[in-house]
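Colleague: Assemble the complex: chain Y is given as a structure, and chain W with the ligands must be docked to it using the hints.
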Amino acid sequence: MLELENICWSTPEGVPILKDLSLRIEDTGLAVVTGPNGGGKTTLARIIAGLISPDRGTILLDGVDITALDVTQRARLGISYAFQQPVRFKGITVRDLLELGSGRPIDEAQVCNLLSKVGLCARDYKDREVNASLSGGEIKRIEIASVLARSSKLVIFDEPEAGIDLWSFNGLIEAFEEMKRERKASQLIISHQERILQVADRIIVVENGSVVKDGSRDEVLPSLATFSPCPMGRDAVTGVRL
Amino acid sequence: MNETNALLSLISDWDVLKSEGCAHSIRENGRSVERLSTKNIEIRAKEDGSGLDIYVAAAARGEKVAIPACITAAHIDDLVYNDFHIAEGADVTIIAGCGIHVKNGEEARHSGIHRFFLARGSKVRYEEKHVGTGGKKDTRRVIDPVTEVFLDEDSFLEMDTSQIGGVDSTTRETRGHLARGARLVIREHLLTDGNEKAVTKFDVTLDGEDSAVDLVSRSVARGESYQEYHSTITGNAPCTGHSECDSIITEHGRVNACPALYAAHQDASLIHEAAIGKIAGEQIMKLRTFGLSEEEAEQKIIEGFLR
Ligand SMILES: Nc1ncnc2c1ncn2[C@@H]1O[C@H](COP(=O)(O)OP(=O)(O)O)[C@@H](O)[C@H]1O
Ligand SMILES: [Mg+2]
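In order, the protein sequence lines correspond to chains Y and W. Quick note: to get this note's numbering, add 5 to the position in the first sequence (first position is 1). Quick note: to get this note's numbering, add 38 to the position in the second sequence (first position is 1).
You can take every hint at face value.
Computed from the model, here is a short list of chain W residues facing chain Y with C-beta under 7 Å: (1) Q321; (2) R326; (3) F328; (4) G342.
Here are the in silico distance ranges between beta carbons for each label pair: (5) Y:A73 / W:E320: 17 to 27 Å; (6) Y:E113 / W:D198: 24 to 34 Å; (7) Y:S140 / W:A313: 14 to 24 Å; (8) Y:R186 / W:S57: 48 to 58 Å; (9) Y:A73 / W:E311: 41 to 51 Å; (10) W:D176 / Y:V20: 47 to 57 Å; (11) W:D198 / Y:N213: 46 to 56 Å; (12) Y:Q78 / W:R345: 26 to 36 Å; (13) Y:I57 / W:N43: 45 to 55 Å.
Below, computed lysine-lysine pairings styled on DSSO-like, alpha-carbon distance capped at 27 Å: (14) Y:K95 / W:K235; (15) Y:K95 / Y:K131; (16) W:K161 / W:K239; (17) Y:K95 / W:K239; (18) Y:K24 / Y:K218; (19) W:K84 / W:K161; (20) W:K316 / W:K174; (21) W:K167 / W:K56; (22) Y:K95 / W:K167; (23) W:K175 / W:K141; (24) Y:K95 / W:K316; (25) Y:K218 / Y:K185.
For the record, the hints were derived by calculation from the structure and aren't laboratory data. Since the structure is predicted, the reported quantities are computational estimates derived from the model, not experimental observations. Note that the Cβ used here is the ideal one computed from N, Cα and C, for glycine as well.
Bound conformation, chain Y alone (with noise of 0.2 Å):
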């Protein structure tokens, strides 16, 4: 079990971004953190996976003190980040990042697997380089498939719905389910998509640097307004307004 207490952090400048945020994720389930841009969802994220220090505020995994763990220390622990923003590198080919990810040699088969539940084809992928050459939406899916390839405890996804298109976003969420169901690490998605919040055990919103709401799916997703922006009504491009 994740446990952060009290956890406060301000910008450079002083502008405090989380207050007073309190949260356990169990071992298991999918959690998904909605909330307003700007609330402080990927500072939150940043702080788990060791990015940056909190001022204020203690983090236990398992009972056990890891504030003071850098980023390589948790990540050692099974902790896992897919990034909002992915990083390209020059020179790094996806195939390499899958391998980088999973911390050892994986073969074509797993690389094929890997690349398939983000809905990209291995055979054009796996040899590109992870550079500017790559669209926002391809660069975001291969962030996700670099963690899928990791064997962690806690695994975290920044709205992993940007730039994916309809197709393969019914299969990450197969992929999220498929993880959920083998229970061997617990979610947390950060995310605006209502098919992601259709799936979560539990739903938290963070507006504001704090926890405003926190429950079970059937819960708190009521009493989320939605909104289809999508005239055909088709539900994976369907919204949530806060």
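Modeller: Frame of chain Y, contents of chain W with the ligands only:
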């Protein structure tokens, strides 16, 4: 020839090349020690003994010729002139490279003056690796290659050069003259460390219509090392030229990049890009979220960058 063998395998897949029976000439400490010509590739010593003339016949298709040079003794100052004559329509891979092995306090130098004459429609891939091994203290391993390439109509030359460590000083000069439809692609990979110094000078003239050059230099300057990148592309016809110098600096490395473009035709399309900086912090952070240490992450980023 123990150290020579070690150098040979560092600069090329020498055992594989030899087992394939490819044409070759091995130079050791300033002398040619082994030479093999094949049906389509003839290696001939110049009459004045200054180097080799290598003739690749029009019938050559995908063949290889290897001409590595090794120095394993101190105070050698080796100067060699090699000319490559590539016949019309030939297709060949040339594997060159130089390795210097000296002990602490010793110095040695190799200067290879290479000229390539590519006849119409011929295609060459040129691979070259430079390495220095042996002592790390007060050595002076110097490699100063000069390469001049003449590309006739519709010929294609791809040069892939790399220097990955141990060469104390290098000045590389490459000059190119391109006729109509000729294409030149150059990929340079350079890593300097300690007090090493590396100077690269490219000077390419695009004389023919639809000729094209693409120069990409990727380099990493570590320690106290110093690098200079000069490239001049001159477009005298409707042509395209691109030069890119991308450098990473770690510790106290220094890099001076000066790309220059001269266009003498309104349809000459020339571009240069130069970027110098440290490794992006977010790249290191991303790899650390995979469990790599900061040093491991930096190493992976540099390895990829220089590949
Ligand atoms: N390093 C930083 N410096 C300044 N402002 C920051 C920094 N990191 C985050 N912020 C600000 O914190 C707020 C919350 O950001 P974020 O956590 O990315 O929100 P969300 O992911 O919920 O959209 C935003 O206003 C953002 O601009
Ligand atoms: Mg965000």
